[in-house]
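Participant: Note that our numbering has the sequence shown beginning at 114, numbered continuously upward.
FYI, nobody ran anything at the bench for these hints, they're computed from the structure. Keep in mind the model is a prediction, meaning the values are calculated, not measured. Treat the hints loosely; a few may be bogus.
Derived DMTMM-like pairs: lysine to aspartate or glutamate, alpha-carbon spacing no greater than 25 Å straight-line [as the list claims (entries may be wrong)]:
hint	residue 1	residue 2
1	161	128
2	161	188
3	221	232
4	162	130
5	161	232
6	162	172
7	236	169
8	161	136
9	221	176
10	162	176
11	161	172
12	221	188
13	221	130
14	236	141
15	161	233
16	236	188
17	162	186
18	221	233
19	236	176
20	221	141
21	221	186
22	161	186
23	221	192
24	162	192
25	236	130
26	162	141
Computed spacing ranges between beta-carbons, pair by pair [claimed, not checked]:
hint	residue 1	residue 2	range
27	164	244	33 to 41 Å
28	169	191	27 to 35 Å
29	164	140	30 to 38 Å
30	238	169	30 to 38 Å
31	182	226	16 to 24 Å
32	202	222	15 to 23 Å
33	135	199	26 to 34 Å
34	210	163	19 to 27 Å
Glycine residues also receive a C-beta, built at the ideal position from the N, C-alpha and C atoms.
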Amino acid sequence: MVLDTSAIVAVLCAEPEREIFMEAMAADPLLLLSAATWYEASVVMVAKKASPRAAELVDSLIDSLSVGVAPLDREAAADARAAYYRFGRGYHSAGLNLGDCFSYSLAKAHNQPLLFKGEDFRKTDVVPAWRP
Numbered sequence: 114m115v116l117d118t119s120a121i122v123a124v125l126c127a128e129p130e131r132e133i134f135m136e137a138m139a140a141d142p143l144l145l146l147s148a149a150t151w152y153e154a155s156v157v158m159v160a161k162k163a164s165p166r167a168a169e170l171v172d173s174l175i176d177s178l179s180v181g182v183a184p185l186d187r188e189a190a191a192d193a194r195a196a197y198y199r200f201g202r203g204y205h206s207a208g209l210n211l212g213d214c215f216s217y218s219l220a221k222a223h224n225q226p227l228l229f230k231g232e233d234f235r236k237t238d239v240v241p242a243w244r245p
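Given these sequences and hints, build the entire structure.
Facilitator: Here it is as structure tokens:
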């Protein structure tokens, strides 16, 4: 299963989906996120908590769940760019942003479901890891 920033933030901020997401992650033997997602989740948490130390919450979560961090290389960037032209803001009603495109393309490249919060990814062809 690939993790999107929205799922990580939902867990760390104790949003209503927290328990469902934690159960889904605990049940899946393969958890991945893009290095871009790791960065984005860290930045979002720092902004939400108004403290640079909030990035450590992201690190602790991914370490405790043994989440693999997929590196960024030319192929990953090209896949994310293609996702943007297909589903990005200004191109498609899904309106994926930069971070979303890295999550989407990683899930597609590894044939894995994507754990996310919100409706944007539901407008794409990615397999959701849960349904509300």
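Participant: Each hint needs a verdict: does it hold in this structure or not?
Facilitator: Hints and how they fare:
no. : hint                  : verdict
1   : 161 x 128             : 13 Å, holds
2   : 161 x 188             : 32 Å, violated
3   : 221 x 232             : 18 Å, holds
4   : 162 x 130             : 19 Å, holds
5   : 161 x 232             : 21 Å, holds
6   : 162 x 172             : 15 Å, holds
7   : 236 x 169             : 32 Å, violated
8   : 161 x 136             : 24 Å, holds
9   : 221 x 176             : 23 Å, holds
10  : 162 x 176             : 20 Å, holds
11  : 161 x 172             : 16 Å, holds
12  : 221 x 188             : 13 Å, holds
13  : 221 x 130             : 23 Å, holds
14  : 236 x 141             : 24 Å, holds
15  : 161 x 233             : 21 Å, holds
16  : 236 x 188             : 24 Å, holds
17  : 162 x 186             : 30 Å, violated
18  : 221 x 233             : 16 Å, holds
19  : 236 x 176             : 31 Å, violated
20  : 221 x 141             : 17 Å, holds
21  : 221 x 186             : 16 Å, holds
22  : 161 x 186             : 29 Å, violated
23  : 221 x 192             : 9 Å, holds
24  : 162 x 192             : 32 Å, violated
25  : 236 x 130             : 20 Å, holds
26  : 162 x 141             : 29 Å, violated
27  : 164 x 244: 33 to 41 Å : 34 Å, holds
28  : 169 x 191: 27 to 35 Å : 32 Å, holds
29  : 164 x 140: 30 to 38 Å : 32 Å, holds
30  : 238 x 169: 30 to 38 Å : 35 Å, holds
31  : 182 x 226: 16 to 24 Å : 18 Å, holds
32  : 202 x 222: 15 to 23 Å : 22 Å, holds
33  : 135 x 199: 26 to 34 Å : 31 Å, holds
34  : 210 x 163: 19 to 27 Å : 22 Å, holds
Hint violations for this structure: numbers 2, 7, 17, 19, 22, 24, 26, all remaining hints satisfied.
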